[in-house]
Amino acid sequence: MQEILNKIAFLFEHYSLERRATTQPYLLSVARQKIKDYRYEPTDNLVRETLMEHVGSLPVVATALFPYINDPNVNLGDALVRLAIHDIGELVTGDEITFTKEDKIKGSEYEAALKLLDPMYHDAYEDIETKTSPSAKFAKSIDKITPDILDYLTPVDITIARFKHFVGIEKNQIVETIVKHKRPYMLWNPFMTEFHIYLVDNLQARLKA
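136 is the number that numbering that gives the first Met the number 0 gives to position 137 of the sequence shown; each next residue is one higher, with no gaps.
For the record, the hints were derived by calculation from the structure and aren't laboratory data. Be careful, since some hints might not be right.
Stated by the list, open to error - Derived BS3-like pairs (lysine-lysine); straight-line CA-CA distance at most 25 Å:
1) K207 with K181
2) K163 with K179
3) K163 with K130
4) K170 with K100
5) K179 with K143
The structure presented is a predicted model; accordingly, all values stated were derived computationally and were not measured.
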């Protein structure tokens, strides 16, 4: 029993301490309210999204969008399992953002994930990595679109600053970069494609305002 509890403690610790390149807009709001003369920096761990927050937010978004995809071949339960485990390898390798990450199936993150996961989850992990099943395609599209939703919810100047710092691009390159790296994951389903277009168009309008 202690070994099982230790494994769970490991997951909580490392998921909570691993920071992503995304700014969490509501933590940013709290920081601005509570810290006098707060000055935002993209690397400030107080407002960067943790891997725990990212993985935890995915089921919320998946459950919200599932009724609209109109695909009987997608099993929501299977998708949620895949979302729960898909980033576990980053507890060892660290997070790497979509815009700079090499799209390779079997690398160090893959190997780390298989070591951390119980063998009963290996097939599910392989499925989301290869995007084989409809449930895996749905899960992967949720993983990719959720950070875009956060960018839509984040003040524009913050989004511009974080893209410049972490990706090395200017304001006028943000949308084309998102579309290039994210849109392919939406094309499996008409609703996901349409929703991503709508989301990115709204982000574009905010960037131009």
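Status of each hint after checking the structure:
no., hint, result
1, K207 with K181, "holds (21 Å)"
2, K163 with K179, "holds (17 Å)"
3, K163 with K130, "violated (30 Å)"
4, K170 with K100, "holds (21 Å)"
5, K179 with K143, "holds (12 Å)"
In terms of the numbered hints stated before, the structure departs from hint 3 and from no other.
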